[in-house]
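S.K.: Listed below, chain by chain, are the residues.
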Amino acid sequence: MQLIRNGKFVADDFAAVGDEDILPEGAVIVSLERWQKDRDALTARNTPLGVRLKSGQEPSAIADDLDKLAVVALEFPVYRNGRAYSYARLLRERHGYKGEVRAVGNVLRDQFHFMVRCGFDALEVADNITPEIWAESVGVFSHSYQPATDGREPVLSLRQRLAARAATREAV
Amino acid sequence: MAQHSRKGAQFQALTANRLADGIVVYLTADNRWSESLQDADVTEGKEAGEALLGRAQATVDGNIVVEPYLFEVTHNENGIRAASVRETIRQAGPTVRLDLGKQAELPGVHR
Amino acid sequence: MYRYDEFDHQLVNERVAQFRGQVARRLSGELTEDEFKPLRLMNGVYLQLHAYMLRVAIPYGTLSSKQLRMLAHIGRKYDRGYGHFTTRQNLQYNWPALKDMPDVLHDLATVEMHAIQTSGNCIRNVTSDQYAGAAKDEIEDPRIVSEIIRQWSTFHPEFSFLPRKFKIAVSGTPDDRAAIRVHDIGIQIVRNGKGKIGYEVYVGGGLGRTPMIGKKIADFVPKEDLLAYLEAVMRVYNMYGRRDNIYKARIKILVHEIGAEEMKRQVDAEFAEIRKTGALHLPAEEVARIQAYFASPAYETLPDESTELNKAVLADPDFANWVKSNIAAHRVPGYAIVNISLKPIGGTPGDCSSDQMDAVADIAEKYSFDELRVTHEQNLTLADVRKKDLPAVHAALKAAGLATANINLITDQIACPGLDYCALANARSIPLAQQISERFSDLNRQHDIGELKINTSGCINACGHHHVGHIGILGVDKKGVEYYQVTLGGAADEKTAIGDIVGPAFTEEQIVDAIETIVTTYLGLRQPGERFIDTYRRTGIEPFKESLYATH
Ligand code: HEM
Ligand code: SF4
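Residue numbers (the numbering used here), protein chains in the order written: chain V, 174 to 345; chain B, 15 to 125; chain G, 8 to 559.
Keep in mind that the hints were calculated from the coordinates and are not lab data.
Errors might be hidden in some of the hints.
Below, a list of computed lysine-lysine pairs in the DSS-like style, where the Cα atoms sit at most 30 Å apart [unchecked claim]:
| # | chain 1 | residue 1 | chain 2 | residue 2 |
| --- | --- | --- | --- | --- |
| 1 | G | K283 | V | K227 |
| 2 | G | K283 | V | K241 |
| 3 | G | K485 | B | K116 |
| 4 | B | K116 | G | K44 |
| 5 | B | K116 | G | K84 |
| 6 | B | K116 | G | K486 |
| 7 | G | K283 | B | K60 |
| 8 | V | K227 | G | K255 |
| 9 | G | K201 | G | K222 |
| 10 | V | K271 | G | K283 |
| 11 | V | K227 | G | K44 |
| 12 | G | K106 | B | K116 |
So that you can see chain V by itself, here it is in the shape it has in the complex (with noise of 0.2 Å):
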């Protein structure tokens, strides 16, 4: 397993933690429910903090909780399961989140640009994963019809100032 952070091959600085582990030094990633379980424990150790969540656990479970979690890991249980697409975006668009928000589970290669459409900032993928693989794959669509969450200019407004440039030309 390998992390990309906004596009760059790096260490993964956080630690997976399981709900049974003892808590190693350092910053973490654990469950919802022991987040839930363990709160005031967890934010007393003062070291960045991640929570995962299920498909299944909506991004509203830690709404309150998001200005004290550096990561927000969505679990693909499956690539066909694309419940974390919408729960990306919720984190974002809706809860305002601007920590990282982590793929985890099953991340196909054909999935990584409608990921970071979505707002997921950070990915872990398959070790056979290059940077140019990651390039290719991330950059498959010059344009989108759709607005998302990356920010991406829509192909519908695109043509609006495309438009609006060429009646200005023919007005000059």
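Got chain V sorted already, so can you dock chains B and G with the ligands onto it with the hints?
M.R.: Chains B and G with the ligands only, in chain V's frame:
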């Protein structure tokens, strides 16, 4: 993959589709894939059937064929016949286009 | 019709390049079949009984002559010289090789076509009314919003891995020819009391294993908010649709389980939030840009009556029969809508040879502003033909073997590919449709019977819409033998209904006789002016049951 072979089928052969063009093929006694059922290796009994499947795995891994499975056949002096309507159609071609499929291309494929 | 601009072209070309890479990776073994399957499905490539199958999208059923010629060319070059038009206004090729697929997609892209999202658990090809733009009672051309939806749904990053496939249909007239109530989302264009155009929205319709009729959850979504509203429906479905059981994953099950009221509440809440951001607000300029593509063609000012037509009707009984069944009223005086039946007696419903495609393309170019339509009943339509040209159009169609005069009659049947092609089938559909067609081939008898829709599916997936056929036939498998179950009283129009099962299934030998018994029973029961479906609604199933099973 759906089960196409009746439980307790006596004679079975192994079929798959060729990866590159999707054409129906059958495993032969010398581990080739033939487009004709008449070339198929027909086995008797459950274990021999399993062994056929085992032999196919290398070509699946080698990306020659996809979705191999066993199916029931009968066997007489006229040659090898599929037992089900479905496999008969795969073997011959669409019953509504007799000019297409193996029935049009291979001699000796029964209708 | 809509024309691609630089952005549309670029996206489709990038998709072809992407798929070319994926196919190469599969053929070289870098991708396993398990990894490749979802990728090929996203491009409409299935593995069927005999070979691969490619499903090409014909967005909202509109084609130019040039596009149809390309479809003909692809049929010749990469397939066996024909294609199959489906109930989803798509075209399927039955024999292309995987290794050729990138070239096929490339050829399609040169005429602004693709196979994007024709399979997989995403938003599929948007379907609509084949009479769009020409129908008399049209509120607005449904292709405008259909194109807007096509673009919004293409490569939608949030909704490309839904619980299950998702189908949207749009109708612009009160008469529903797009079967919107059996789609995941059905959109009915309406005009409100203030004369403003907006959308009535139905959700949760569908066929398959659990047929359901869509429930209305919005009476009037304003035009500028349509995409925001659709995004709200999709988000609720993506988050709450079931993913534990493939048979319960369609939106119809979610709507059924939580109820239409609760669905409406959740969608409204989400809609309110999405609307606040304004990101999906549809600018009037973009609507106008797309609308301009669907502007009326340059109709001539003509008298509504055509003496050429009237003369030909009197002179040629074949032509008169064809006019009687295949021509529909046009909103512009002097024009007519021509339906081309792909249901010749004894033929395969929906099949069309490359030569026939070329012939239709020529006819459309010459007589119907270079454009044609594909219908969800597996026929073709020329939407804008001058009445005085009808004799010439008929003659040209006849020369191509396409002048069958049976639209909406008993031999105008829908049938899925069934066991002759389909890997999921239990039984054959096409031979059954062919036998029924031969049995009722006499045209006077067909006209006597009147409008009657027989729909056949080879398995419970219901690709042949059997649930909504006036008579529906479903192939079932009993220990390797084909059987056929019959339903009665289904309908896919504005009075959508799911048919009732009439009783135990019939064998291949019995089924055609059984259909004839049903028809004879109806003829005995009907009151003046009643169609089969009217009689059935009045009498119910009992008399049909009796005549089918009492004598056995
Ligand atoms: C030959 C290859 C085909 C395959 C493998 C296939 C597969 C399927 C499957 C699995 C379903 C059920 C999906 C569900 O309910 O979740 C389905 C439904 C459907 N298919 Fe097909 N199909 C094929 C061909 C066609 C054709 C030729 C048509 C048109 C004639 C068609 C139109 C439809 C329609 C209208 C539905 C019903 C959608 C609904 O449930 O509301 N399909 N198909
Ligand atoms: S209804 Fe069944 S048999 Fe017919 S095309 Fe669909 S999946 Fe195949």
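S.K.: It remains to establish, for every hint, whether it holds in the given structure.
M.R.: Evaluated hints:
no., hint, verdict
1, G:K283 <-> V:K227, "holds, 28 Å"
2, G:K283 <-> V:K241, "holds, 27 Å"
3, G:K485 <-> B:K116, "holds, 27 Å"
4, B:K116 <-> G:K44, "holds, 26 Å"
5, B:K116 <-> G:K84, "holds, 19 Å"
6, B:K116 <-> G:K486, "holds, 26 Å"
7, G:K283 <-> B:K60, "violated, 64 Å"
8, V:K227 <-> G:K255, "holds, 21 Å"
9, G:K201 <-> G:K222, "holds, 25 Å"
10, V:K271 <-> G:K283, "holds, 20 Å"
11, V:K227 <-> G:K44, "holds, 25 Å"
12, G:K106 <-> B:K116, "holds, 20 Å"
Going through the hint list in order, the structure does not satisfy hint 7, though it satisfies all others.
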